[in-house]
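For the protein sequence lines, the chains are A and B, in the order given. Just so you know, this note's numbering puts 125 at position 125 of the first sequence, and the rest follows in order with no gaps. Just so you know, this note's numbering puts 135 at position 135 of the second sequence, and the rest follows in order with no gaps.
Heads up, a few of these hints could be off.
Copies of the same chain are indistinguishable here, so a pair counts whether it falls within one copy or spans any two.
Said to hold, decoys possible - Calculated lysine-lysine pairs in the DSS-like style (CA-CA distance at most 30 Å, straight line):
| id | residue 1 | residue 2 |
| --- | --- | --- |
| 1 | K264 | K178 |
| 2 | K142 | K90 |
| 3 | K241 | K45 |
| 4 | K241 | K74 |
| 5 | K241 | K219 |
| 6 | K259 | K74 |
| 7 | K259 | K178 |
| 8 | K178 | K142 |
| 9 | K219 | K45 |
| 10 | K74 | K45 |
| 11 | K241 | K178 |
| 12 | K90 | K45 |
I should point out that these hints are in silico values taken from the structure, not numbers from a laboratory. The structure presented is a predicted model; accordingly, all values stated were derived computationally and were not measured.
Chain residues, written in single-letter form:
There are 2 protein chains.
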Amino acid sequence: METSEDLTQLTPVALRHLIRSGNFSGQTSGLAAGYTQANLVILPKDLAYDFLLFTQRNPRPCPVLEVSDTGSRKLHQMATDIDLANDFPKYWIYRHGQLDEEVTSVESFWRPDFVSFLIGCSFSFESELIAAGIEVRNITEKVNVPMYNTTIPLQSAGPFHGNMVVSMRPIPEDQVIKAVQVTAAMPKVHGAPIQIGNPAHIGIHDLAHPDYGDPVTIKDGELPVFWPCGVTPQNVIMQVKPDFVITHAPGHMLVTDVKNTSLKYA
Amino acid sequence: METSEDLTQLTPVALRHLIRSGNFSGQTSGLAAGYTQANLVILPKDLAYDFLLFTQRNPRPCPVLEVSDTGSRKLHQMATDIDLANDFPKYWIYRHGQLDEEVTSVESFWRPDFVSFLIGCSFSFESELIAAGIEVRNITEKVNVPMYNTTIPLQSAGPFHGNMVVSMRPIPEDQVIKAVQVTAAMPKVHGAPIQIGNPAHIGIHDLAHPDYGDPVTIKDGELPVFWPCGVTPQNVIMQVKPDFVITHAPGHMLVTDVKNTSLKYA
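Excised from the complex, chain A in its bound form:
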């Protein structure tokens, strides 16, 4: 077994091999620095059209990096030498909209009608914020980013509907403009903020009690800045209570061969 110090030196493909062989099932935060990590949703084909349409209509919270061919465990663009059924460290299996099982492989569950959606993750823009000299509080405080339900309505598609979930990072007033510029250049990982400084305007009334994740310190002279969040699509799917859905376990992402910098611009 490798030590976690060794792990950070691994290339994406070496890391996927280690995960695939069952020798690593931890969180991927901080691994393969500079490479894009991706969220996962696997749906049966009969829901895939409406969900793909939902992502097309709501690209800010649901930025699709790639959709697999039906039944395939491979990808065309984000990674070669990939097995979608084994290359995430941990998977969550939902039955009828309820979390039912956590597993390190979904090979034994695989069906020919599965479609895998890889969705952009804020890990990518957080590293760009840090590179621009902007502190990311949830990283400094070593907690999960705070996330909130909002009153921002989404465009429905078939059975999929609901409001946007946002993540929040406190930013010093004099760095807010830079934070907008940095993230706006990365539309494939949520892009620019959706709200700055006025949580009540989007239905958030208590920053200290996020709906998901952990609270973070907001210092004097900082504004809460809100970005569309990748929890949104999972939230919307679970409301439909599909018979069978697979997602990654939070923090246990796919490490792709694509660099964050190549996600810049559309």
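Mind docking chain B on chain A? Use the hints.
Using the frame of chain A, we list chain B on its own:
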């Protein structure tokens, strides 16, 4: 009947009313200045998933502005007070991949399994180029933009596959950078160029004989600049020879309620 001078003064909704009532069936170029015009592809639902996936995998040549609900003749985002079966001045009907009929309404052909795809059009970025002081040669010479088949492969999806079609505009060398900047800011209407100055590199060997549209003059000191072109999706669809497809007739677009300027950035 209005004169064409009156027409240019009409709002998008007034223009759609005029078209819907059967009182205008001409080209929409130059009408409702500043408002986005859209290409149309109507497919039966059984092809819609693979086509939507194809556009997701190939957003540069296939920038989707909106997809209708199945069977619906309405839109949610690009226009209110809209009838997709009557608000284009002219439609083309393809049967088994062959152009079969030109009509001014498709109401009598409408089916509950129709899905309408509205696709971004270079009209939008041409007006922005002109606003930036860059001449658009095909507009100056009052001809259709020259378009070429290339060797640039597209990502396949189900039965849909092929190479990219590009449009070409000659740009003075000292304005090429500006042309990149202006169009890169509009990813919903093809975005930045895909090639500058080296047509042979993408399989184009005779600029004087475009595969679609008309040739334009290239002056000394100008470079041919190539953009992904909205003819690509139609081309790819027709190769599949679907039983029944409806498109707009070239130049006879939908005039939407959305301003070109709001298509800037992702």
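Right, here's what the structure says about each hint:
no.: 1; hint: K264 / K178; in the structure: both (15 Å within a copy, 19 Å between copies)
no.: 2; hint: K142 / K90; in the structure: within (20 Å within a copy, 60 Å between copies)
no.: 3; hint: K241 / K45; in the structure: both (15 Å within a copy, 24 Å between copies)
no.: 4; hint: K241 / K74; in the structure: both (26 Å within a copy, 28 Å between copies)
no.: 5; hint: K241 / K219; in the structure: neither (40 Å within a copy, 62 Å between copies)
no.: 6; hint: K259 / K74; in the structure: within (19 Å within a copy, 40 Å between copies)
no.: 7; hint: K259 / K178; in the structure: both (21 Å within a copy, 27 Å between copies)
no.: 8; hint: K178 / K142; in the structure: within (23 Å within a copy, 43 Å between copies)
no.: 9; hint: K219 / K45; in the structure: neither (47 Å within a copy, 53 Å between copies)
no.: 10; hint: K74 / K45; in the structure: both (16 Å within a copy, 26 Å between copies)
no.: 11; hint: K241 / K178; in the structure: neither (40 Å within a copy, 50 Å between copies)
no.: 12; hint: K90 / K45; in the structure: within (22 Å within a copy, 35 Å between copies)
Taken one by one, the earlier hints fail for this structure at numbers 5, 9 and 11, listed in ascending order.
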